[in-house]
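Protein chains: 2
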Amino acid sequence: MAYTVTMPVSPHHRVSAVVPVSRDDERVGVTYRLFGKHNEVEALARKIAFEQSVELPEEQVPDHIRAQVVGRVEEVSADVEVEGARRATISYAARHAGTHLSQLLNLIYGNVSIYPRVRLIDISLPQGFLQGFRGPRYGIQGLRVLSGVFGRPLLATALKPKGASVEALASIAANFALGGGDIVKDDQNLADDFETYKRRVEACARAVDEANAETGRRCLYFPHLTAPAGDFDRYLDYVAELGLRGVLICPMIVGLETTRDIAARYPLVLMAHPALTGSYTQSPEQGIDHGLLLGTLFRLAGADISIFPNFGGRFSYTRGQCLAISGRLREPMGAMSPSWPSPGGGMAIENLKAMGVDYGADAVFLVGGRLFAHDRVLRDGTRAFMDAIRGRFEERLTAPSDPAASRVEDAAEIQRYFPFEEGFQWKGRESSPYKDAGDLAFRGVRRVELVGKSGERTHCDLRYFEVQAGGYTSREKHLHTHIIIGARGEAVLALGNRRLTFRQHDIAYIKPLEVHQLINETDEPFGFYCIVDHDRDRPMKP
Amino acid sequence: MAYTVTMPVSPHHRVSAVVPVSRDDERVGVTYRLFGKHNEVEALARKIAFEQSVELPEEQVPDHIRAQVVGRVEEVSADVEVEGARRATISYAARHAGTHLSQLLNLIYGNVSIYPRVRLIDISLPQGFLQGFRGPRYGIQGLRVLSGVFGRPLLATALKPKGASVEALASIAANFALGGGDIVKDDQNLADDFETYKRRVEACARAVDEANAETGRRCLYFPHLTAPAGDFDRYLDYVAELGLRGVLICPMIVGLETTRDIAARYPLVLMAHPALTGSYTQSPEQGIDHGLLLGTLFRLAGADISIFPNFGGRFSYTRGQCLAISGRLREPMGAMSPSWPSPGGGMAIENLKAMGVDYGADAVFLVGGRLFAHDRVLRDGTRAFMDAIRGRFEERLTAPSDPAASRVEDAAEIQRYFPFEEGFQWKGRESSPYKDAGDLAFRGVRRVELVGKSGERTHCDLRYFEVQAGGYTSREKHLHTHIIIGARGEAVLALGNRRLTFRQHDIAYIKPLEVHQLINETDEPFGFYCIVDHDRDRPMKP
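Heads up: the sequence lines are chains A and B, in that order. Counted the way our numbering counts, the first sequence spans residues -4 to 537. Counted the way our numbering counts, the second sequence spans residues -4 to 537.
Derived from the structure by calculation, the hints contain no laboratory data. There could be a bad hint or two in this list.
Identical chains share a label here; the pair holds if one copy fits it or two copies do between them.
To be verified - Below 25 Å or equal to it, Euclidean Cα-Cα: the simulated DSS-like pairs (lysine-lysine) are:
1. K472 - K193
2. K422 - K506
3. K42 - K448
4. K422 - K348
5. K193 - K536
6. K472 - K42
7. K448 - K32
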């Protein structure tokens, strides 16, 4: 069994690779909290196993599908946490567990979310399945290297309130950084159109940069990523180009799979916010367990840091729920990096001791309201907090550095100028005979990959093709489109049923699934530029 | 107040337009179910108004922000549905309600989802705000025109089970269509890599096509859209190119805003599946009301059809909850089309009468298991169901047609061949002096928009620019990149600090935010091709 995954090359380019997923005997385990007597729960678990895989009553499912696709009830046991409850574990063949995070969610809780009194408590994912997920790009170690801070928890705060001027927000950011804070993030209520966003984010980034220049440390600023779905990349590109190293994101609002996609494509720290998660976690009889959602699933989606309301604050989390999240974020999980728990809300210097005991050094303490007042107080408040942290943990500092490649640095290395040379060659680019057309026939074609295959940030590739006298390109069709420009000589462009003469500077657009071919019936070489989507489907026979 | 929205032109192209959003006096209303005495509920509502807008305690919020940004508690009243409950309505200035669906969700329920016993019951959106949303593209009338069926409910079924062969699924589709059914959709458990998806979807589409040729009607086939986040467009393109008219989608799994984005870009019917919604709807004390989530919010996200479990089936929905969804889908809501309620689950001919009374003619009845058996029985079962529907409703048929432009047809109209003409002109394309550089200085530049501005489906535009002797392009930088190809003459390419000679067939890649300019210091015209992302940011001064 194999499936196609999207491998990050640059944020705008996806390369589909077929990777092995799961051995035939590997199974995904899903554990629910159910209510009733042992045999009732067993019957309900069996019903769920059918519901979540084939959505048909048992008697309508053919034997081979029942054996291969339908879930198997593995165990029913008492639930020690909730009176009258039991836990049932169902397993599915890993190769039927879905080929991406959205479909995994569908399998583990899609329809049964609507059953009364079914709570999703745990999942177990086999190694082969986990290999399809990169998980957190930075995780605990990566963020330590990035910030240069070891040995103690990090201190974070939020820029707020919404409605404050850009200058006011930038001043908060600066003073928090000057006070020695580690991470300043946007409040999740901050949301702007792109032009306003650019102004605000640039001002805050500059304020933090200037403060960093003064302190010699690297306080990180994470703006909130929230935008219309199609605009994410624009916002992310801007953040990355500014040299910022992370963003705040709300996975349950933008979608877990969208979050994973961003984590896979951008070398940015993802700090996950729990907005909208309450509907899943609140009821002990329904929804998804705190640790599983804000720990395991957020980590699977690539969250480097997971914010949750600390117990004792204005939300109703218990200590057990907080420690479950914290534990899930850092427990062994395939080759995946552990992530940072970030308890927040109602935090004060007085409870630092207890928090240190509960969360240890690898935690991001998110402090809000108590630091806020006028600038001087904020800076001093931050300093006092930092001193208290250093009083309990032994801080070790290094020079901040970048464990994940920065895109800005990437771009600097890319060659950008390709002078034309005799015989339709380009300095800095190699020419090669074309031979990559599967079972499609062609003759006498050479190719020069000019732009797009070397990490450039464009959505299209530019290639030069040359067809010898008497040669032709393969007759093919595909979903992606072409733009072609004649460069030398003359050919016949077969476009659907038409035969067109194609010479230097002629232009053609080849629409989706249109059968096309270039045939050189002359005695001279024919050359053309071809512009094509970087991400594209494979050509098919007509 | 204005903000930038994304307007659909073609699925791959977004045009940002600044549209007026809300008058200053327009407010968004949000109603919650809360528990406690009147004054307790009032205080809690006030706390929520701060939590959801500025996330700060009252005393820390400056007066002007309190007046403009913080919500206002408008009303607290008894909740007749749940004993001991009250309803509190909070209003926010519409211009602070978020500029897109994700941020609206954040405002109405992000953080308070984590409060104990706060249920979101209703929202009211002013006209100006609603104008930013297209809503369902087809809605009730559009789908009737598309299918040519008037006067009666539509009958739908699901292709299942997962694990069945492509032939078996195609046979179900064919027999349902031959029996006279209206819509056949994939089961939401069907999820494949792209190549497998293509084979399955094509086989089922062909089976339905052939059945339609026999019946003379148009049964519609909606495959399930589920894919890694970055692959959606590939799947959607394929579905659209096959000539299919809709997809099944799970909005709470892929995200409401992602759903809206797809609805805005693709002329496809969206049939929404309720997977994962249970965590929101199940508890009367928590989450989001059934009608608001599966009705109003799904409709806002562009769902043409909203599936929900009918009461009396294997899920626990009540009649009141079903009718609330049904009502919300069809109630007046700005200029937005009404959508189809699609009750499903446990449906039989015997309860058609009651369903007809409850839902009326404008409903899609989703019938599953009861139609399934071997082919002949399925066809006959469908026919019996259709007869029963026609027995209760007066069917009127028209020739099926397409209320929303089909992309396939669009593409056919696009001109695709542009022969080169003397003086660097192209047949079919106009040349115009360049004048669109804002306050950036340039001299003697003309432009020909070759490909990309006329509805072509490519991610890049191709333009030709020509700079007169002594002329120059504007010195500028931007986030988007360029690829340029020399076409005639010679110029100086200023790239960052470098000055490069640029002649015919020379190639350059201009990286993000790199300052660049082309200067013609010769006595002849200089011309170049420029390849640029279709969606791009505005050039800035260096």
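To see whether the hints hold, each was checked on the structure:
no. : hint        : result
1   : K472 - K193 : between (41 Å within a copy, 15 Å between copies)
2   : K422 - K506 : between (32 Å within a copy, 19 Å between copies)
3   : K42 - K448  : neither (50 Å within a copy, 54 Å between copies)
4   : K422 - K348 : neither (63 Å within a copy, 77 Å between copies)
5   : K193 - K536 : between (47 Å within a copy, 15 Å between copies)
6   : K472 - K42  : neither (46 Å within a copy, 60 Å between copies)
7   : K448 - K32  : neither (61 Å within a copy, 66 Å between copies)
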